[in-house]
Amino acid sequence: MKRRTGLILVGFLLWIVVYPIAIVILESFRDAEGWTVTPLIGFVREPSEWSALWNSVWISLASVVSAAVVGIPLAFVFEKLEFPGRRILGALVALPAVLPPLVGVIAFLFLYGESGFVARIITEVLDLDESPWRLRGAGAILLVHSYSMYVYFYLFTRAGLAKIDSSMTEAAQSLGSPGFSIFRRVTLPLLKPQLGAAALLAFMTSLGSFSAPYIFGGGFRVMTTRIVTSKLNGDMPAALIEATWLAAVALLGLVMFRRFSGSRSVAVMSKGMAARAATIRQPMARWGATTIGWLFAAFLLLPHITLVLVSFVPLNGWSTEILPSSYTIANYITLLHEPERLRPLWNSIWMAGVSTILVLTLSLWAAREIVQRKVRLRGTIESLLNVPWAVPGTVLAVALATMFSVSAPWVGRWVLVGTVVILPLAYFVRNIPVACGAVVAGLRQIDPSLSEAAASLGASKMRTLWRVTVPLIRPALLAGGALAFVTAAGDFVTSVVLYTFETRPVSIEILGALRAYDLGMAAAYGVVLMFVSAAAMVVGTRR
Amino acid sequence: MQGSYLKVDGLTKRFGDHVAANDISLNISRGEVLALLGPSGSGKTTMLRLLAGFEQPDSGSILLDGIDLTQLRPAERRFGMVFQHYALFPHLTAGENVAFGLSDLSDKDAARRVAEVMDLVDLAGFQHREVSSLSGGQQQRIAVARALAPNPRVLLLDEPLSNLDPTLREKTRTELRTALKEIGITTIFVTHEQEEAFALGDVVAVLREGKVEQIGAAPELYENPANKFVATFVGRASSLDGTMLENGRVKVGEGVEWESRPAAGVVSGAAVDVVVRPEHLSFGETGLAGVIRSVRYNGARAYFTVDVSGENLEVESSVHSASVGDSVRVSASQAYTFVKQPA
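Line by line, the protein sequences are chains U and B.
Letter by letter, the first sequence follows residues 1 to 543 of my numbering.
Letter by letter, the second sequence follows residues 1001 to 1343 of my numbering.
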């Protein structure tokens, strides 16, 4: 009885998570003749492929570094210093998190692009003939990446600092260590697991990043854009081989970052007082910190403001002026009144909603197997739950596209590509790690004797689940659900591979509007998506 | 033991290489309160979890009124359980906690039953209080009320008083004892404190390393310990080496012989473990020579630790009978002797 549900779960995860990726890898070892390694070797011989892979790797590493350079000092400032506005600013600093990748990218385009606000202002002020720069290539990608990924370092470092017992640094002080030595020998080593986790997250996100290279890349090609191009051009064998290589690099990165950060968390060994923030007393320093804080917040908020501003611009209403000459709410009215315009929004919401419900159900099941029943397979289950995370979204999309384009029910394959099922299913698979991670962690914090108490009072398993377990882990369910919903609603990378005209989500429509140079419409969709995401996050973080 | 109600037969549970319960057998009469007493790691909590059904035994059986329960799930056993940290549902009120096991009853009947048991634990009118707003003692009583509400056939308590402060502990102990006897419920509880075991339990089972060392009422355990472990774990006692003599006395030093109560298997001439209680030791002109190392005062009486050639003996005597550093001689009116256990 016990063993069977665990086995079913492992079977299900193997089918939906491992099997598609295995198909991709196996297929890349095959051509019309049979088994071969020729295409894989061919990849190495092809300079354009090779340089795309190298681009992917170095841009990801550079993104990790630049995100760390912004995020870590910022976390120290907000955790250790007290200055006016610290609380509000501390919350604002997490704002990039509510911008879905593609929306963030177009906001940057409107703001820093060659015909964006900043370029226009500089052109005007310096009386130039043309834009002083073009937002293109590696630099542009890196800029977007550091904007959206420093949040990982900021949040993880703050969480780590909050957990470090002040008695540890005080112990170091009482042993006579000077300030910097304490930082180097006590604080940093204690933060290592958090920093490692943030670095890994930034690396994997960059490696799988598609929106920024797709919009800004120009001639600068990375693996994700190559895979999608191959797939959209109908060259499936090439897409599979490229996906295999990218997956291999992702796996290598995962192993190396894990090795660096170690798996043990050392920061929570004792319970005690968290360090208090030091109040800055000197007026000048106080003003300095406050000004820098607000300037930084303004910089972070600029993309959001830009997006809102552009969303009020009518078609062709912004050509040469610094600011658009006319504003209208027509974009929003069109969006809400034309069925074909509303459809992508509705698609995104229902598909994200369905995938979120599915992934929460799975996460409850998995958490019960891992935490409460302690099945022997729990290690296996936990690893399987993390697999989609180790695989870039493009690879996953290509894998699902391959797996579900063949009708072979006896080996668990059906034709789902082109149906309404495939996108919610893809969102579901992508969100398995984040939702299950939250719910498993949530259930771990619950005293196991609570469900035993329910059982000893005669409660059935279902009653225990609904009356005890679910209410107790509600915060974890909400948080995991909100993250899953936001990721799914704003998804671009899997959608671009798997959408059909009827099931096109908002991101695809944004791209369409952008291509038609209907900037206002694109921005309006972006604003709606931004508010939907923000609303979901508010629900998800409520206690 | 006539008319055993709950019968545990040869219960064994292993966790990997560790044997947490080793062939344990117990018989408990209806309405009896049994204490499982043992140091930490003795397997007493495992025993309780096996009874509750949270763990499945590797072998052995649990019978209630002659019916085998071993395969039943916890929810089917109708055993009430009070957890060490109470395990009250934090998202429910006190009353909702108590009513949790009453889902078979109508709302009206459930409310009546809740009021009844809350009255029993002296918390009438606390139904709508948040669990977190209750004191430790109140939480403990809500946990007891919750376990009792569905009229369980057996009540299991895991260290029921360990989370209360010492002053509250004694009062709660008395109230709990009264309540258990009033309902007449068959009860098994786990504790590592002998005082608690003796005060609450009709019968005490002493556990060590997954085995039952001895079962009996408090005076029996104290006066007739079955082995050295029970003798030293139940009540205070010191131990030293000796040799059994033919006259039934035990020789503990050159020319020093004490009255002894030999345990089963002790033969004359054998090397034995000698265990003496402080109240059986006294200072005098003869006996083992030693030096007072420390004194612990306890009202009019005091416990003296006496160093007798490297072994420490604890002697109970009047406060002024000796002081630290004095050379004394110690003799015993009675000592237990046990077959020497391999160290």
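Treat the hints as calculated values from the structure; they're not laboratory data.
Be aware that a few hints might be false.
What the hints assert, rightly or not - Which residues of chain B face chain U? A few of them, derived with a C-beta cut under 10 Å, are:
{"id": "1", "residue": "ARG1014"}
{"id": "2", "residue": "GLY1053"}
{"id": "3", "residue": "PHE1054"}
{"id": "4", "residue": "GLY1060"}
{"id": "5", "residue": "ARG1077"}
{"id": "6", "residue": "PRO1090"}
The structure presented is a predicted model; accordingly, all values stated were derived computationally and were not measured.
We treat Cβ as the ideally placed atom computed from N, Cα and C, and that holds for glycine.
Original post:
Checked against the structure, which of the hints given earlier come out wrong?
Top reply: Those not satisfied are hints 1, 4.
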